Amino acid sequence: MKKKVILDKKAVDRTITRITHEILEKNEGSNGLGLIGIRTRGVYLANRIQDKIKNVEGISLPFGALDITLYRDDISKLKWPEVKKTEISFDVNNMTVILVDDVLHTGRTIRAAIDAIMDLGRPKKIQLAVLVDRGERELPIHPDYAGIVCPVNENEEVLVRMSEIDGKEEVVIVKT
Amino acid sequence: MNWKRKDLLDIRDLSNEEILFILDTAESFKDISKREIKKVPTLRGKTVITLFYESSTRTRTSFEIAAKRLSADTINISSSTSSATKGESLKDTARNLESMRPDAIVIRHSMPGAPHMLAGILDSSIINGGDGSHEHPTQALLDLYTIREKKGRTDGLSIVIVGDIAHSRVARSNIFSLKSFGNDVICCGPPTMIPPYIETLGVRVEYDLQKAVRKADVIMMLRIQKERGGTKYIPSTKEYSTLYGLTKKHVAMAADDVIIMHPGPMNRGIEIMDDVADGPSSVILDQVENGVAVRMAILYLLIGGEA
Amino acid sequence: MKTLIRGGHVIDPLTSRDGVYDILIEDSVIREISDTIKKTDGKTQVVNASGYIVAPGLIDVHCHLREPGFEYKETILTGTSAAVRGGFTTIVCMANTDPVNDSRSITEFIIDRARAEGKCKVLPCGAITRGLKGEELADVGEMFSAGIIAISDDGRSVRNAGLMRKALEYAKIFKLPVISHCEDDTLSGGCIHEGTASLLNGLEGIPAIAEEIMVERDIALARYVDAVIHITHISSGGSVRIIETARKHFRKVTSDTCPHYFSLTDEATLAFDTNAKVNPPLRSKRDVDAIKEGLRKGTIDIIATDHAPHEFTSKDVEFDLATFGISGFETALALSLSLVREGVLDMPQLLMKMTANPARLLGINSGTIAEGAPADIIIFDPDLEWTVDRNSFISKGKNTPFHGTTLQGKNLFTMVDGTIVFSELK
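Chains as they are written, first to last, in the working numbering: chain A, 406 to 581; chain Y, 2 to 308; chain U, 24 to 449.
If you're looking for bench data, these hints aren't it; they were derived computationally from the structure.
Remember, predicted model here, so these are calculated numbers, not experimental data.
Below, simulated EDC-like cross-link-like pairs (lysine to aspartate or glutamate); rule was C-alpha separation at most 16 Å, straight line:
1. K69(Y) x D524(A)
2. K489(A) x D25(Y)
3. K40(Y) x D524(A)
4. K47(Y) x D478(A)
5. K580(A) x E559(A)
6. K39(Y) x D520(A)
7. K47(Y) x D479(A)
8. K5(Y) x E487(A)
Starting from the given sequences, assemble the full structure and let the hints guide the process.
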């Protein structure tokens with residue numbers, strides 16, 4: 406499969422560092438923040454952000470992993486996708502939730518994630534952090550923090566690879 | 002794995018892989034019942050009908066809650082209120098229901114094979130909520146889920162099933178699944194309640210309860226089914242209770258971490274004594290809680306995706 | 024009316040004939056059997072049987088024609104039409120009609136109906152007890168003079184041993200065989216064999232001893248009063264053993280089994296197929312093997328069909344509620360021929376059990392191809408493969424567990440009293 410590397414391992418790390426600092430800057434510190442990563446790769450990204458905040462602020466932010474399968478709007482068109490556990494260790498009420506995902510595309514995943522979080526409580530704010538913004542929105546969703554903006558052609562796709570499951574760390578464009 | 006089934010009729014038909022897939026899926030659903038908002042929109046717009054020809058609060062309520070927590074719409078039909086009292090055949094009742102296009106029908110019937118009959122003629126997904134003495138697959142699934150939750154595994158356990166095995170769909174379904182996973186299963190009860198040829202399923206038979214529960218990891222008590230003529234196989238419930246009622250003494254003879262199970266509803270004082278049913282080894286209430294999660298998983302897998 | 028059946032492989036077990044012969048039939052009787060018969064005039068119709076087997080018409084000692092009372096299940100017309108397609112030229116119909124055949128008038132009705140519309144010879148079997156209630160003897164003598172060929176409460180046993188004894192004794196006056204359906208109904212509340220299938224299915228079982236206990240009882244009674252007893256539709260190995268032992272000391276006991284008891288086991292009920300629901304039920308492989316062995320050794324003398332047609336709706340329900348019975352006329356020959364293919368019987372032995380032996384039990388002049396005998400003849404192809412399609416059954420009863428199965432052996436021609444009543448010969 407032909408691929409074009411947009412961000413290599415070092416570049417990914419730098420981008421996540423920048424996003425982390427932007428989060429801390431916009432929220433004037435880490436008070437009242439909670440990280441929720443969207444399964445699967447959003448969770449690993451959120452982990453990285455949590456580690457970096459620990460290094461900078463000395464605090465381990467509350468953390469959660471969210472599976473949005475049950476909230477998808479296209480569930481009846483799928484052949485029984487596997488549903489994984491949602492494990493959110495903190496109470497979202499009155500928190501500023503930083504929702505983390507790898508690629509933002511149509512916005513439907515984020516819409517589902519917002520609905521899921523609302524069913525868990527009433528957060529004060531939800532902010533969205535993504536590593537790649539691919540554009541082509543189908544819903545009015547915008548990221549508060551985006552690593553890179555990366556539009557692609559019709560027969561292409563942008564993939565984020567994380568070492569925990571893909572064995573390497575990079576952002577690539579591949580032909581579908 | 003790719004779930005391919007339209008119906009859930011027998012646990013005997015399911016592969017171990019399929020069974021574990023259901024249990025794993027149920028894990029994700031268990032949390033939902035603990036939240037403040039006990040609902041996800043997954044089955045929004047789907048219709049689930051429970052068609053119960055035998056009375057039941059537990060199973061029917063469990064399915065209803067499961068469906069509602071997945072945002073499906075539910076309709077309950079019980080035989081006393083249905084057209085069955087006017088002499089309508091099962092087939093006609095089902096056909097009529099089908100023209101209202103339910104996505105799933107959960108059926109409980111007093112005769113074996115009734116769900117299979119429906120599955121052959123209807124497009125809706127059919128879930129066997131118990132067919133006569135044949136099978137009760139969702140009960141066996143929630144029982145296995147509970148065992149896995151409490152014991153950390155599904156195989157290599159010593160499991161005793163006590164009661165009217167011959168007429169128990171709960172026993173049959175459990176025997177099929179527990180043997181399939183490689184457990185040692187002992188059936189205990191009076192000979193009149195043990196079906197002939199049961200050893201061909203790989204279970205051992207023991208008429209003496211004290212011997213049967215020795216070192217057992219799991220004790221599963223069955224209900225004396227008065228409504229299905231169960232009392233004509235024993236001289237009296239008093240005698241049954243003396244010989245086969247589970248007491249603290251028996252629990253003490255089992256493994257230290259034995260768990261006591263019962264599909265409910267219990268005949269307290271007959272097959273199980275109060276201090277056991279409410280005691281520390283009892284997981285009976287966990288079974289009920291897990292029943293909702295397992296049934297949510299089943300509904301999700303059968304009707305959540307593409308038809 | 025003359026007919027010449029030419030060039031067929033004639034097998035007649037009673038006279039031990041087995042070879043290629045021509046048969047000349049005039050009116051209703053077999054005139055001549057020779058190596059070659061020349062056609063003497065243009066009025067003789069010629070039937071070319073070369074390449075096929077020519078045998079005596081089959082005689083069924085146990086079937087249900089349902090008329091009067093259950094015409095929606097079968098009539099004498101449709102039942103006999105199905106019978107001749109299957110190769111049967113004489114059939115005995117049981118008394119569990121509505122009204123029950125326990126009197127002269129019903130017997131006469133059946134005989135008249137059969138004479139007017141029947142395609143083969145119909146010999147009614149009268150009831151043993153009035154209304155089949157098992158309480159008092161029916162008017163056996165009256166029925167005998169009206170034309171019954173045997174008595175039976177088939178559908179059930181005569182529960183009361185004292186009454187059964189009286190029936191066996193009384194029937195001796197008329198030399199009527201008593202055909203016994205053996206079933207202790209206090210043991211047999213279920214709907215399939217009590218065995219591994221019932222264990223897996225959760226359906227209530229009918230243990231083999233429900234049949235065996237009555238077989239023992241009825242043989243003991245018959246022996247005590249020295250009467251003829253015929254045990255019908257035996258299904259279990261235990262029954263075979265009991266009959267084999269009894270016959271060492273008492274030869275007046277005969278028995279029949281049906282093709283489904285040597286072709287299917289209780290596994291056929293695992294998928295809740297109501298077409299496999301029959302009484303006595305399909306039993307275990309051990310029983311099937313014992314039945315075949317019983318046929319081989321001669322313990323079982325006769326193969327009957329127990330043709331039990333039912334309307335579709337009575338089978339299209341939950342298994343517990345479905346009627347018992349298999350529509351058997353049109354598959355009997357093919358299923359029985361498999362015994363020859365499997366080496367259990369040779370062809371003459373098989374035909375004996377479906378022709379001469381039934382004839383002897385009933386005391387009728389039939390079941391043989393011999394000069395002077397009635398021209399009840401069939402021609403069949405033992406090798407022809409065909410797939411069972413219940414919708415093409417002539418019987419109103421489409422209830423067969425063999426639908427979709429490919430069988431080998433088919434009847435192609437049936438002649439009753441010299442008249443061709445069925446032919447698929449080219």
